[in-house]
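Positions -24 to -1, 1 to 267 (mature numbering (1 follows the signal peptide of the UniProt record, and there is no 0)) are the ones given, in order, by the sequence shown.
I should point out that these hints are in silico values taken from the structure, not numbers from a laboratory.
Beta carbons are placed, not taken as given, at the ideal position from N, Cα and C, and that holds for glycine.
Keep in mind that a hint or two might mislead.
As a list, the in silico DSS-like pairs of lysine-lysine whose alpha-carbon atoms are at most 27 Å apart [as the list claims (entries may be wrong)]:
| hint | residue 1 | residue 2 |
| --- | --- | --- |
| 1 | 81 | 19 |
| 2 | 202 | 81 |
| 3 | 151 | 184 |
| 4 | 81 | 92 |
| 5 | 19 | 78 |
| 6 | 78 | 151 |
| 7 | 151 | 81 |
| 8 | 184 | 55 |
| 9 | 78 | 98 |
| 10 | 19 | 184 |
| 11 | 183 | 19 |
| 12 | 183 | 202 |
| 13 | 55 | 255 |
| 14 | 67 | 78 |
| 15 | 151 | 67 |
| 16 | 92 | 151 |
| 17 | 81 | 184 |
| 18 | 210 | 98 |
| 19 | 67 | 202 |
Label-pair ranges, simulated between beta-carbon atoms [as the list claims (entries may be wrong)]:
| hint | residue 1 | residue 2 | range |
| --- | --- | --- | --- |
| 20 | 203 | 95 | 40 to 50 Å |
| 21 | 101 | 151 | 20 to 30 Å |
| 22 | 166 | 20 | 31 to 41 Å |
| 23 | 224 | 20 | 39 to 49 Å |
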Amino acid sequence: MPIPFRSRLLTTSCLIALSLQAFSASAIVVRHDKPAAQYLASKADFPPLATFYNIGVHGTLIAPQWVLTAAHTVFCLDKGQTIQVGDEFVKVQGRYSHPAYKMGKQHDLALIQLEKPVLTVKPAQLYRQSDETDQVLWFIGAGGTGTGLTGETVDYKANNGVLRKAQNQVTAVTKSDLRFVFESGDEAQALEGVSGNGDSGGPAFLKKADDFYLLGVSSRVESWFKGVGEYGVKELYTRVSSHADWIDQVVAADEQSRAAISSSDGFLHEGMTVEKMPKICASLSLAPKTS
């Protein structure tokens, strides 16, 4: 039986029904039996976090001029689009997705080149070892929330951009992905949680001394009969260690060579058309307001 793809973004038909407000989002879904305040996070919990849209959707600064994210998030990340890294607003110079990626499948990675380097934030390091199984990692994201008993219940507008973090353990790895399961009770981590709608591209990371290491990139859900954020749901993060060589090649290459080893596809979601994209992207823009 094929594994269902569930993007962490709603379809454009839902977006239009919301008057182009944005996609429903859930930052981190948490345990029902832990104080909600314990999950609250700040930028200091993961300084290299990048945010693409006013609904959330994230990436990670891995070099002063490069952000790593999921390929299925790049539909509005055209040249000139504004994103935020730390407290800086920076514009996109280019996007380069993994050449083997197809919507809902493996290799869900993209690199975003920035017009200028971000020098106020120390980039995360790529995790290059192959010992991820059983490691306990952190997630972080902005949007709505809920608990494992209910799944998502609070949307991004009600949450108003509050960051949350959670732990989860890598239960299995493939060449492309890290797998996590949202456990409850004694099987769960102290601050067990999973990412939800609007958290695409966000990091699975750990901290060693003063350095942050990026091990995975939030990609998709692979559970039948489980809603996003319910206990027992399984989710996949794209595995950084097995894609590190491709990431290095893209960052080091010249523009012509990058085009030859990447995809320029915008990976438009259901209901998105080229004609609709300017309006959609304007509605999601993070461009700072001018007085």
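These are the hints, each one checked on the structure:
In summary, the hint linking residue 81 to residue 19 is not supported, as the alpha carbons are separated by about 30 Å, beyond the 27 Å threshold. Between residue 202 and residue 81, the direct Cα distance comes to roughly 19 Å. Compliance with the 27 Å bound is thereby established for this hinted pair. The straight-line distance between the Cα atoms of residue 151 and residue 184 is roughly 24 Å, inside the 27 Å bound, and the hint therefore holds. A threshold of 27 Å between alpha carbons decides the hint, and for residue 81 with residue 92 the separation of about 31 Å lies outside it, so the pair is violated.
Distance check on the hinted pair: residue 19 and residue 78 sit about 32 Å apart at the alpha-carbon level, beyond 27 Å; violated. Only pairs whose Cα atoms come within 27 Å are accepted, and residue 78 paired with residue 151 is accepted, the gap being roughly 16 Å. For the suggested pair residue 151 and residue 81, the alpha carbons sit about 13 Å apart, so the restraint of at most 27 Å is met. Taken as a hint, the residue 184 and residue 55 pair is broken in the structure, with Cα atoms around 34 Å apart against an allowance of 27 Å.
In summary, the hint linking residue 78 to residue 98 is not supported, as the alpha carbons are separated by about 31 Å, beyond the 27 Å threshold. Between residue 19 and residue 184 the alpha-carbon distance is near 17 Å, which keeps this suggested pair within the 27 Å criterion. In summary, the hint linking residue 183 to residue 19 is supported, as the alpha carbons are separated by about 14 Å, within the 27 Å threshold. A C-alpha spacing of about 31 Å is found between residue 183 and residue 202, which places the hinted pair above 27 Å, so the restraint is violated.
Between residue 55 and residue 255 the alpha-carbon distance is near 16 Å, which keeps this suggested pair within the 27 Å criterion. For the proposed pair residue 67 and residue 78, the alpha carbon gap of about 26 Å is at most 27 Å, so the pair holds. A distance of roughly 32 Å separates the Cα atoms of residue 151 and residue 67; the hinted pair therefore is violated under the 27 Å criterion. Among the hinted pairs, residue 92 with residue 151 is inconsistent with the structure: their alpha-carbon atoms are about 33 Å apart, more than 27 Å.
A distance of roughly 31 Å separates the Cα atoms of residue 81 and residue 184; the hinted pair therefore is violated under the 27 Å criterion. Between residue 210 and residue 98, the direct Cα distance comes to roughly 31 Å. Violation of the 27 Å bound is thereby established for this hinted pair. For the hint pairing residue 67 with residue 202, the CA-to-CA distance comes to about 37 Å; that exceeds 27 Å, so the pair is violated. Between residue 203 and residue 95, the C-beta spacing of about 42 Å keeps the proposed range 40 to 50 Å intact.
Taking the beta carbon of each, residue 101 and residue 151 are about 21 Å apart, inside 20 to 30 Å as hinted. The hinted window of 31 to 41 Å between residue 166 and residue 20 is violated, with their beta carbons roughly 20 Å apart. Under the hint 39 to 49 Å, the C-beta atoms of residue 224 and residue 20, about 28 Å apart, miss the expected range.
Going down the numbered hints, you'll see the structure goes against 1, 4, 5, 8, 9, 12, 15, 16, 17, 18, 19, 22 and 23, while the others check out.
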